[in-house]
Structure formats: C-alpha cells, structure tokens
Amino acid sequence: MGHARNRESDGTIKKTSMSRRVLVVGGGVAGIEMALALAELRCDTTLVEQGTSLGGNAGALCSLYGFEQTPEELIGKKVATMRTNPGIRVLFEAAVRDVKGDVGNLHVRIEACGKVHESDFGAIVVATGFDLATGSPVTSGEPTAISCSELERRLAQLRAGNGRGRSNALSVPRNVCFVVEDSGVDSAVHAASALKNALAVQKLPKRNVFLCCQNVNVAGEGLEALYREARASGVVIFKFDGDKPQVAAADRGFNVTVRDASVAANDRCNGLMDLHCDLLVLPERIVPGPHTPYLQKLLRVDVDSSDYFQQNNVWLRPTASNRKGIFFVGGCRGSFDVCDILTEARATALEVYTWIGRDEIPVSVGKVRVDPAKCAVCLTCLRSCPHDAVEIVFDGDIGGKTAHIVESACHACGICVAECPAKAIQMVAADDLQKGMAIKGERRQVEQWVQN
Amino acid sequence: MGTELKIVAFCCEHSGSLAARMACAGESETSAGTEIVSVPCSGSVQAADILKAFRSGADGVVIVGCHDGSCKHLVGNRRVQRRVEHLAGTLKEIGWNPERVAFFPVSAVEGQLFRDRLAEVVDRLRGLEAGR
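Heads up: the sequence lines are chains A and B, in that order.
Residues in the first sequence are numbered from 0 upward in steps of one, following numbering that gives the first Met the number 0.
Residues in the second sequence are numbered from 0 upward in steps of one, following numbering that gives the first Met the number 0.
I should point out that these hints are in silico values taken from the structure, not numbers from a laboratory.
A couple of the hints might just be wrong.
[To be verified] Taking lysine-lysine pairs in the DSS-like style, the calculated list, with each CA pair at most 25 angstroms apart, reads:
1) A:LYS13 / A:LYS323
2) A:LYS99 / A:LYS76
3) A:LYS422 / B:LYS5
4) B:LYS51 / B:LYS5
5) A:LYS76 / A:LYS14
6) B:LYS51 / A:LYS373
[Stated by the list, open to error] Calculated from the model, a selection of chain A residues having no Cβ within reach of chain B, i.e. all distances over 10 angstroms:
7) GLU67
8) THR133
9) GLN156
10) ASN321
11) CYS412
12) GLY413
Note that the structure is a prediction, hence the values are computed from the model and not measured.
Beta carbons: idealized from backbone N, C-alpha and C, even for Gly.
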C-alpha cells in the first residue's frame, strides 16, 4: 500500500547547486575522525579548533580503555594522516562568527588568529565535545581531593619515571578511595573513567583501592569486563543507596564513611564502613560544552532538556539536527566514549555525503507558497517553523518585506500554513482538495470531502 | 445504535495514518463512518479544517498525531494539541460539547491503540447523542 499522497511529485522540481565543502567545528577526536572520513569521500573539509592543538578531551587522557594505543598515539597517527591530505584545512585559534544560508549553501564567517575567513560550505558538523566540571571539594583546606584527570596526569608521570622514587609514592599514595557521586543515566563514561583509573592504581605495587559508587553503569562495550577485571585484581567496590558517603579530613588523609547497601541488607547490620585513605579521587561531572549556547543561537538549532545538542526526538537520532545540513557528532550530544564517537563520525560522514555528495540536488519548488500581499511580516511563521526554513526578504512587487520559504530547507510539514494568522501561506499539496484524498476502510477513496 | 456517527480523523502520515491502515486491515466495520484524512503533520491541521469537517456533517473530529518526542516535525503534535484545546474552548462558548474534538497520539505500529482510542471517542459521542 502506498501513501495516500505522493509528496515528492508535488510542485515542480528545480536543481539546486550544493557546495561539497564541509565545515567541522571542534578538533577533538570526533572532529578529526569526521574530517578524515569526509576527505576519504572527497569532500573538502575545514576543521575549526578553538585552541592551538588537536585532540580535545580524549587527547588529554593518558590511556583509553578498549584501545591498545595510548590516546597520544591514536590521535597522533590520525593528525599525521590529516596533514598529508590536501583536502583538509585546519584553522587553529578559530571561532565561527556568522552563519547565513541553508543546506548546500551556508555562508560562514570564521575568525582565526585575528584574520577573518569567509567561505561557503555545503554542511556543518558540530563536534565541540563535552566539558568536564570538577565536583566541589569535599573538604576545605589541605588535603584536598583530586579529579580523575589529575590522577591520570600523576599516573602518566609515574609511568614516565618507571614508578620509582619517593615523590611517586607521594603523588599516588598507598590507600586511594574513589567516590563516584551523582551517577546519572549518562554515566557510562563516568564509570569507565573511575574503573579504569582504579584498576591502574591497583596495579601499582602495594596499593589499596576503594571505589564507592551508587551505580556502576557498564552500558558500553567492554565495560562489564573492565568491572570484573577491577574486582578480580582487588579493587574494593562499595555500593551506596540514597545516603551519600560522608567524607572528613583526617590526619594525613581522609576518613570516608559509606553505607554499603548490600552488606546492610544481608548481614542485619547497619552496613557502615569506615575507610581511611591517603588520597581521595572525585571523578569530574560531564557537562555540555561551554560553547553550546553560543553555537545554538548562531546555527539556530535545538538542544535537549540537559542542554546538550540535539533535541530529544527519534527522527533526529543519532546525529541530525532540526536543520538540514547541520549535524552533531560526539561529546556535544552527551557523554560518549571514544569507541562510539569514532563509529558515529564515520556514519555521519556518509550521511553528510548523501546531502552534499552531488553537485546538484533536486528540490521541489512551490510546495509552500507565501502570498506577499497578505503577509503582514508578523514573524509567526519564522518562529513556528521547526526546520528554520522561513526567511524575511524584500519583495519588489509589493515594495516591502515578506516571508519567504527556503525550498531546500523546507520539509513541507504545513505548520506555518496552520499558524499564519493572515492565512498568507498556502500549501499546494495539502490544500483542501488534496486533503480530500482519504483512506476509508480497506479501500482508498479519493473524494472531495469538503464541499466548499 | 441506529444512525451511524460520522467521525473525521485527521491523521499524521508518519503515524496516525499508518496506524489507521493497520487498524482497518481486515475489519472494515471498525472504521465504518470514520473518514481518515492523511496530513503531512498533525501540526498542519488548522482550526478552520476542523470546523469545515463539522460543516460537512461530522459528529466528531479527532486529530491523530505522534507521541511526544516522535514528531517528524519536532513540534507539530504539541502545536496541534494547543490548537485543539483552544478550539474546544470556543466550541464550549457557542454551546457545543467540547468533547466533539479531540487529539490522541499513536505510533505507526499501534493499530490496536488507534482502534481503542477511536472507539472511546465514538462511545463518548454516542453518550452525547443519547443525552441530547
């Protein structure tokens, strides 16, 4: 059974030229992989990075779970491939300042190292990543808790110094306790980071590692195995429910009091555990990138309820935005691990290619028409269009401004038609006659049900 | 019941319309008296369309859209719900029962839900007819 209406044939078809160049915003692991994948598809790519080096959050880590290589090797190899590819241009210390136009013809102004570059792109891929927020220190004054990133730095130093010497014993002391609080739904990366580091510390000689958490989220490839390995090698994991662990500064370290839920349930005791540790590690919280609100406004796209990019909508998953030609990849959509991000970037490159891979794409015109004489430029359509396909232009015939539907961006949903207070917008395909195409019972009936 | 009620159902072509087709498959009686009108998005149904359906003799009008977070056009289902609430208020002001117009969400595979929700609407309207 076909659709009651075949919208593709509505209106006439026009060829619209598409720029094959792609702008990738963000030089983290998602942006790098995206640029490489697009270059393989022979799309010229410009990568915009705010800092002076590539790699992002993943580049700052000293090891990655599930990879043989260190992040430095993994990213270094990719960056070297990028350098040799003439199709990839990288702009450092750069920011996107202005975006005009729609899919296929996005005119972008980029400021890089004080210079302004203006160019046209077919599509924009946002790969700005997530941000790490250090939890508030549990105790004031010395000694203070450290974050997972700080621990990774110390572990990297240990490795570089072959794990000998007095300073090493001080940087990662004998008893280390991780307290993972506030493990929300998106905490697979959170859990992986805590488990990975707990295991790394446990593997050092004569170390005791405790991990207090509410929930170990192992919803990721290899995380269950990592959890088992951590337990098997001696990491002691306490699971608390509701009441958070109490942390107090003590002589040369911390006293952590945690109520283990399963012990309390089985042994008819209160399940309270008193731990003494020399070092307290609090994993950072993963939060939306700092540039999300700025880019959201600039690109006129939506964010979800947690302020990450991409509205919660099944049609947009995994990487599309509410606007054609604008995509989100990687950590800017939430907390994802490197493995997922690499796969996602490859898949998104193909999706970008389906839009801009050809020099011209057919666009049906005249599906939705604005009558400039009726348009009061009240901006209702501009505000109500979910796909940002309405622009205000000057119309020579009426000598004034009027709303105009950008055909390449329009999905012909008819929301603006319904919202327009002046009824200045008409949908050719869904006018009253077409609405008469109805299915009734098993038979499809085409009849004019509204007798005007 | 003696006379058959005429219901016009404006269905989103991504959800309601497909669910309707599923509900109708094999059982033409269920949907007797119900006219399915496929629209590109439930958000494209205007108050005027609903009123025109009443003028053409409909006893009730239902708008069938997508579940929250599943609208192809992101906000269409929420917009039409607001519009329906507003129109129900207007109908009440002119002395009609506001229950004559309703919105309900289904997904493309929920043929049974579509049938159940439609049956509820028909029952409610039968009640209205009887009470008149």
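To see whether the hints hold, each was checked on the structure:
1. A:LYS13 / A:LYS323: holds, 17 angstroms
2. A:LYS99 / A:LYS76: The hint is violated at about 35 angstroms.
3. A:LYS422 / B:LYS5: Not OK: LYS422 of chain A and LYS5 of chain B at ~28 angstroms, beyond 25 angstroms, violated.
4. B:LYS51 / B:LYS5: Roughly 14 angstroms separates the two Cα atoms, so the pair holds.
5. A:LYS76 / A:LYS14: violated, 40 angstroms
6. B:LYS51 / A:LYS373: holds, 22 angstroms
7. GLU67: Since the minimum Cβ distance to chain B is about 39 angstroms, GLU67 of chain A lies beyond 10 angstroms and the statement holds.
8. THR133: holds, 32 angstroms
9. GLN156: Non-interface label stands for GLN156 of chain A: nearest chain B Cβ at 46 angstroms, farther than 10 angstroms.
10. ASN321: violated, 6 angstroms
11. CYS412: Incorrect as stated: the minimum Cβ-Cβ distance to chain B is 4 angstroms, not above 10 angstroms.
12. GLY413: violated, 3 angstroms
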